[in-house]
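> The hints should help you fit chain B onto chain A, whose structure is shown.
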Amino acid sequence: MSYNIIVLAKQVPDTRNVGKDAMKADGTVNRAALPAIFNPEDLNALEQALQIKDKHPESKITILTMGPGRAAEILREGLFRGADDGVLLTDRAFAGADTLATSYALSMAVRKIDSFDIIISGRQAIDGDTAQVGPQVAEKLGIPQITYAENIESIKEHKVRVKRRLEHGVETIEASLPVLITVNGSALPCRPRNAKLLQKYKHARTVTERQTENIDYIDIYSVRPYLNLVEWGVTDVGADVELCGLSGSPTKVKKIENVSFQAKENKRLSESDEDINELMKELIENHTIG
Amino acid sequence: MNNIFVYLEIEEGKVADVSLELLTKGRSLAKELNCKLEALAIGSKLKTVSAQVFPYGVDKLHLFDDKRLAPYTTLPHTSILVKLFKTEEPQICLMGATIIGRDLGPRVSSALGSGLTADCTSLEIGDHEDRKQKKTYENLLYQIRPAFGGNIVAWIVNPDHRPQMATVREGVMKKEIFNSAHEGELIEYNVDDYVSEEDFAVTVIERHIEKSKVNIKGAPIIISGGYGVGSRENFDLLFELASVIGGEVGASRAAVDAGYADHDRQIGQTGVTVRPKLYIACGISGQIQHIAGMQESSIIVSINNDKSAPINSIADYIITGDIEKVVPKMIKYYKQNTK
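Chains A and B, in that order, give the protein sequences.
Take the first sequence: its position 106, counting from 1, is numbered 677 in this note's numbering, and each next residue is one higher.
Take the second sequence: its position 264, counting from 1, is numbered 271 in this note's numbering, and each next residue is one higher.
Okay, chain A solo, but in the shape it has when bound (with noise of 0.2 Å):
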């Protein structure tokens, strides 16, 4: 057996260092102005599957994201790691999009890409932590989905076998295919770069990528065309433009807040015995403590 499969992935700002002009005055963020890596849990997607392909070896992973010309780097990053094909989803269209607009464009990427039998992704992206995209593109799909997932534990005869975390606890859940899967953090690691790959795809361009840059040996897109990442706009996958973007997410941002904390009035210590002799004799006189 060969299985079809799309990863779906994101390229995050890394949220761990946001400075101040993170933020554009519209409540949107100013992702130019931040670090972007391959969002954490996304990673955790493609290990799934791979596993999956090392296992059925003519299987096709393709990996799909949205976002600006830049996030073609993690579709590099995917295929140095393992997948087959990459496809970028950019267009001014989409900017500004909610959960909803976003899983819109997605799914109809989605429909663009061919038959497909288990779409994989992240379970929650770091930027925005809803974990709403995921099921949302399945709902647009009409197919089944499962949250959450640990490992997938088997796939026989069109029917998946995943396990999958609960609030306390854990379940093993059987779908038949298609069938979309969210992957949590605490699934296994993805691996390395392959070196092998590395080789092969570090070449790879989008079209716009291969206008832009300065590339000596233009041929090599017509000898080699796996080095050929695709890249579609609203128009390429047929979306409703309505639909997309800010005009096709129901919520909006009415305003952003930097927070400041109403101060207390607080006591300041040193790290000396005689300090913090004084504070934990005052928390145990009070019974805060003991």
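Hints listed in this document are in silico derivations from the structure and should not be mistaken for laboratory results.
Some clues are possibly wrong.
[To be verified] Dumping the calculated BS3-like pairs for lysine-lysine here, alpha-carbon to alpha-carbon at most 25 Å:
| hint | chain 1 | residue 1 | chain 2 | residue 2 |
| --- | --- | --- | --- | --- |
| 1 | B | Lys74 | A | Lys734 |
| 2 | B | Lys224 | A | Lys835 |
| 3 | A | Lys838 | B | Lys336 |
| 4 | B | Lys141 | A | Lys826 |
| 5 | B | Lys332 | A | Lys838 |
| 6 | A | Lys823 | B | Lys74 |
| 7 | B | Lys336 | A | Lys826 |
| 8 | B | Lys93 | A | Lys823 |
| 9 | A | Lys711 | B | Lys93 |
| 10 | A | Lys852 | B | Lys339 |
| 11 | B | Lys181 | B | Lys139 |
| 12 | B | Lys182 | B | Lys21 |
| 13 | B | Lys139 | A | Lys826 |
| 14 | B | Lys74 | B | Lys54 |
| 15 | B | Lys181 | A | Lys835 |
| 16 | B | Lys284 | A | Lys838 |
| 17 | A | Lys838 | B | Lys339 |
| 18 | B | Lys141 | A | Lys838 |
| 19 | B | Lys93 | A | Lys730 |
| 20 | B | Lys332 | B | Lys314 |
| 21 | B | Lys54 | B | Lys21 |
| 22 | B | Lys38 | A | Lys825 |
| 23 | B | Lys90 | B | Lys54 |
| 24 | B | Lys336 | A | Lys825 |
| 25 | B | Lys139 | A | Lys825 |
| 26 | B | Lys93 | B | Lys67 |
Since the structure is predicted, the reported quantities are computational estimates derived from the model, not experimental observations.
Below, chain B without anything else, positioned relative to chain A:
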């Protein structure tokens, strides 16, 4: 029509705390909006649910009792919500930001084309002006949540789509009995009118529930560590202090992400919200998303190398120093000065 709906999470016939907390919030929102509070129970063996939720002020309970509906699977629960909401047209729908709520909510919102905001830390009612369209919306639900890794707080509204959907984590809202004698209306449904065979395409093969070993939510004292703790080994110091003075160990998201502590100890918007009588923050800088989950602690002690760490602004005691020096001193003093 136009009422507030709360999806009840039910395990073994018992309504989850997070759902009761949302009923309490829903009750006060309903009062403000002058509408009714309704609840949805979907599952199996739900006989006692009405008695559990009516005291929280539920005016109408919609009950779907069928053995195929428990344990929870996505599709039948989605079908019920979607179909019911098309006739009931609620203005607001609230769910727990639990694994179930975060599985069901987005699926339902996508099917209805309505907006959903995850992990809200506050819900308020207010007006909204769309300057571009020169239109004013009255009495919208402000869905307030830290965003962007907790670096900002976003106020989200859904002006044109209903229901306005939001999920809230356990412990964020407070549960409170509205009136122990309150009785609502109970409506029982024929489940087959709402689900189809295809909804049961996903089956649960095996289920293993374990009681959580960590109980941070109820702990009166929490020693919490952040990225500044530096390693999993250094967290042992925190565990030692916790065991000596009788507390639990919590962690910030950064510490969990770095692998210093397990996920079930995470405190903050994407973890647990706590209100202990003593919160000792060790090496925690104090991102909004963390502070959102502990700022109601009675006494906050911050131990940090950085004397201008943001968390210090909400602390009662600020110790500027190394955790490795300070924590052992605390342990030592306590051991010497108590029985």
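> All the hints need checking, so say for each whether the structure fits it.
Checked hints:
no. : hint                  : verdict
1   : B:Lys74 <-> A:Lys734  : holds (22 Å)
2   : B:Lys224 <-> A:Lys835 : holds (24 Å)
3   : A:Lys838 <-> B:Lys336 : holds (18 Å)
4   : B:Lys141 <-> A:Lys826 : holds (17 Å)
5   : B:Lys332 <-> A:Lys838 : holds (19 Å)
6   : A:Lys823 <-> B:Lys74  : violated (39 Å)
7   : B:Lys336 <-> A:Lys826 : violated (45 Å)
8   : B:Lys93 <-> A:Lys823  : holds (23 Å)
9   : A:Lys711 <-> B:Lys93  : holds (18 Å)
10  : A:Lys852 <-> B:Lys339 : holds (12 Å)
11  : B:Lys181 <-> B:Lys139 : violated (37 Å)
12  : B:Lys182 <-> B:Lys21  : holds (15 Å)
13  : B:Lys139 <-> A:Lys826 : holds (15 Å)
14  : B:Lys74 <-> B:Lys54   : holds (13 Å)
15  : B:Lys181 <-> A:Lys835 : holds (23 Å)
16  : B:Lys284 <-> A:Lys838 : holds (17 Å)
17  : A:Lys838 <-> B:Lys339 : holds (22 Å)
18  : B:Lys141 <-> A:Lys838 : violated (50 Å)
19  : B:Lys93 <-> A:Lys730  : violated (33 Å)
20  : B:Lys332 <-> B:Lys314 : holds (16 Å)
21  : B:Lys54 <-> B:Lys21   : holds (10 Å)
22  : B:Lys38 <-> A:Lys825  : holds (24 Å)
23  : B:Lys90 <-> B:Lys54   : holds (23 Å)
24  : B:Lys336 <-> A:Lys825 : violated (48 Å)
25  : B:Lys139 <-> A:Lys825 : holds (13 Å)
26  : B:Lys93 <-> B:Lys67   : holds (17 Å)
Checked against the numbered hints above, the structure breaks hints 6, 7, 11, 18, 19 and 24 and satisfies the rest.
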